[in-house]
Structure formats: structure tokens, C-alpha cells
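> In the working numbering, the protein residues as written are 4 to 367.
Hints should not be assumed to be uniformly reliable.
[What the hints assert, rightly or not] Listed below are the simulated EDC-like cross-link pairs for lysine to aspartate or glutamate, each with C-alpha atoms no more than 16 Å apart in a straight line: (1) Lys155 with Asp75; (2) Lys170 with Asp326; (3) Lys37 with Asp64; (4) Lys155 with Glu227; (5) Lys121 with Glu140; (6) Lys58 with Asp41; (7) Lys155 with Glu140; (8) Lys306 with Asp326; (9) Lys155 with Asp191; (10) Lys197 with Asp328; (11) Lys67 with Glu35; (12) Lys170 with Asp157; (13) Lys306 with Asp320; (14) Lys58 with Glu35; (15) Lys306 with Glu163; (16) Lys37 with Asp5; (17) Lys214 with Asp174; (18) Lys37 with Glu78; (19) Lys214 with Asp202; (20) Lys197 with Asp174; (21) Lys170 with Asp202; (22) Lys301 with Asp326; (23) Lys170 with Asp5; (24) Lys301 with Asp328; (25) Lys67 with Asp117; (26) Lys170 with Asp183; (27) Lys58 with Asp5; (28) Lys37 with Asp10; (29) Lys121 with Asp75; (30) Lys197 with Asp157; (31) Lys155 with Glu187; (32) Lys301 with Glu168; (33) Lys121 with Asp157; (34) Lys197 with Asp326; (35) Lys170 with Asp302; (36) Lys197 with Asp229.
Because the hints were derived from the structure by calculation, they are not lab data.
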Amino acid sequence: MDVARLDGSLNGGSIKGEGRLNLSESRFGASELKLTGDGIYLDFPTGVRTVSNAKLNLAGDFSKLSLSGNIDIVEGTYSEPLTIGRGLLRYMESERNTVTVTNQTSVLNSTQLDIGLKTLSPLVINNNIARASVNAELRVLGTVERPGVTGKIDLEDGAELTLRERKYSVDRGVITFINDRGIEPVLDISATTKAAGYDITMQISGDATRKLETVLTSEPPMDETDIVSVLATGRTREKAGNAGATVAKEQLLSYVAGELGTSITDEAGRALGLSQVRIEPNLIANEAEPTARLTVGKDITPKLDFVYSMNLRNSTDQIWIADYDITRRFSARGLRQNDNSYRFQFQHDLFFGLSGVQGKPSTS
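Kindly generate the complete structure, drawing on both the sequences and the hints.
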């Protein structure tokens, strides 16, 4: 089939093409079809909404087709919520399988791929897990049936992760793909958070399709068991003392309530216009004994957050918190405590030494 000229529209954009297409095994002749697309909107994979420009070339005979060219993502967003049904570390270290795509048409399945994929402006991620701007420069290789990816994805400065209602600032976020016969992302992520007066750094590295290595460090230094305890309960094992068993049971109840109640509380949050509705201790774990609490929050502005928390066992135990990020490294907090007293604090992160030196001393 000869295509002298092809003009049309596709998902809000324009598409043009010309050349020759031959997918018949009984005929001789090679395909040489050039396609150009501008401003094409896609929702693929599901939830990734992009507007892209593309220049693609389909060439070869029936037994050996190749699809090459470039796709430039002009703009894109991802806002679909993600649910983590397992624990923090188990989720980070979970095994994942190499992605394989299968179609019914064997000719297309065996088509060789060589397509460059690049973001012209950052892809914006804004969901329950991450707020980040992402730059990507990738190459899709292999075949349609078994694609491979090489290249790199970078998270821009200011990226933020939210795990179990705790916010982590991403200091370094790089995802590298090196297998031209499979999709195997290699992670190198470092993120920091504050809990119970400690600066906690979580480093995630390794092949996500196999087993990731997760390392937790803190300043002042603690062992990983204490760090996990602080992240989960807001207290070290030593501070928990004789009440450790009780705290563990209360925290387990709170965590189960948080997992099982996610869909319900998310719906409540949307209905009330709230950013957060949780039966969770983590939003105020630094300010109160960890127990089952109803906690609601509202992002007034991108820099101003408001949180209200009530003890489900004692309705007079109420806490009000307002957090304001003056800059990325300088923040202020106002707190009305459960004894009707007020507290105000300012926190400023300071860095010492060369840029290549690890560590993040902090003053407050």
C-alpha cells in the first residue's frame, strides 16, 4: 500500500505521513513509512497524561520490521493515587518482575524498536506518594513483545515523598536503565525527614526488579532499630521504657486502621476539602504519645499546612499545629498542646564542608 500523503488529527493533535506499507507475507517489497505527530495527547500508561511530538519511521520487510525515531514529551502529569499495602521497608525491598508486553499480531511483536524518549519540560508528579518534577532521557530498544530501556530519569530539586503520612525531602533521585533487553530500573535515592528531633536519612539503591537495599541513618546517630522505632512511634526504644509493649500494640492498631481505612478517609477528605484525614499518629508523633488518633490536615497554601488531631480515647486531648515553610531549609511551627499551652519554634538547616561530603548537620 502506497501512502502518497496522510493528514489527520489524533487526540487533539495533528498527524502526517507518507511512504509505503507492506505487511503481507505473500508479496515482495519493503515498508518505508514516515509518520510525524504534533501536540498529541495520550493517557498511557494509565494515569500518565502527556502531550507529545513524534517523528517515527517504520521500515523493513515482512520478516524484519523496525520502528525508529524520537518522541518529545512537551508536557505531562501523573496524579493517580498509589496504595502501599505493605510496610515501608518491605515495600522498598520488594521483588519485581521484568515487564513483558504481548500482542496478538506476531509481525508487530517481533518489530525491532529504537525510539528516543525525552521530556522537553519536567513531567509533574503530584499524588499521595510524591510531589516531584521529573526529567527523562530514555531509549526504547528490543522488540514490541519484549522491550528494553536504557537512559536516565532525574528528580529535580524540591521533590518530596510521603510515606505513612511522613514527608521526606529528596536530596538525590536518579533512576537508571541499563538493560536493552528488559525494563530494569536501578534506583539511587536519598531522602530526609525529621522525627522526634532527629534528622533521618533514607537511602534506597539497587535494581528494583531484584532486591533494593535500604539504609537508614540519623543525626544525632542511632542504630536502625531505634530509627525505625522513631519513624513508627515517635520515640526510641529507650524512651518507650516499660511501656514499650503497650506502645507497640497501640501503634499496630493505629497502622492497621490507617491501612484499612485509607479508601474511607480519602473519600472523607475529598468531601470535606481536606488534604489529609487519617486515623494515624504520624502527623503529630513528635508532639504526643503515639496512640490511635483522628488527624485531619489542610494545605492552606503550598507552604502553609494546618493539622488538627484528637485522641480517640479522650476527646479533650486535642492538638492544633500550623507549619509554614519560609524557605526550603527554614521553617516555622506554631502548636497548641493538649494542656492548652502554646509553643512556637523555628528550624533552620545548615550545611558544613564540601559539597561532596555526606551528612547534614542541623540547628533549630
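> Starting from lysine 306, check that the Cα of glutamate 163 is at most 16 Å away, please.
13 Å, holds
> Just to be careful, I want the Cα atoms of lysine 37 and glutamate 78 compared with a cutoff of 16 Å; is the pair within it?
Violated - the C-alpha atoms of glutamate 78 and lysine 37 are around 24 Å apart, more than 16 Å.
> Checking one constraint from the list: CA of lysine 37 to CA of aspartate 64, max 16 Å. Satisfied?
Satisfied, since the Cα-Cα distance of roughly 15 Å is no more than 16 Å.
> Checking one constraint from the list: CA of lysine 214 to CA of aspartate 174, max 16 Å. Satisfied?
22 Å, violated
> CA of lysine 37 to CA of aspartate 10, is that 16 Å or under?
12 Å, holds
> Given the hinted pair lysine 197 and aspartate 174, is their Cα-Cα distance within 16 Å?
This hinted pair holds, its Cα atoms lying about 14 Å apart.
> Hey, lysine 301 versus aspartate 328, does the alpha-carbon distance stay inside 16 Å?
At roughly 14 Å apart (the allowed maximum being 16 Å), aspartate 328 and lysine 301 satisfy the hint.
> Is lysine 58 close enough to aspartate 41, meaning Cα to Cα at most 16 Å?
Holds, because 9 Å separates the two Cα atoms, which is no more than 16 Å.
> Given the hint that lysine 197 pairs with aspartate 229, test it: the Cα-Cα distance must not exceed 16 Å.
14 Å, holds
> Compare the distance between the alpha carbons of lysine 155 and aspartate 75 with 16 Å, and conclude whether the hinted pair is satisfied.
15 Å, holds
> Would the hint linking lysine 306 and aspartate 320 be met if the CA-CA limit is 16 Å?
Violated, because 27 Å separates the two Cα atoms, which is more than 16 Å.
> Assess, step by step, whether the Cα of lysine 67 is no farther than 16 Å from the Cα of aspartate 117, and give holds or violated.
14 Å, holds
Of the numbered hints given earlier, the model fails hints 4, 12, 13, 17, 18, 19, 23, 26, 27 and 30; all others are met.
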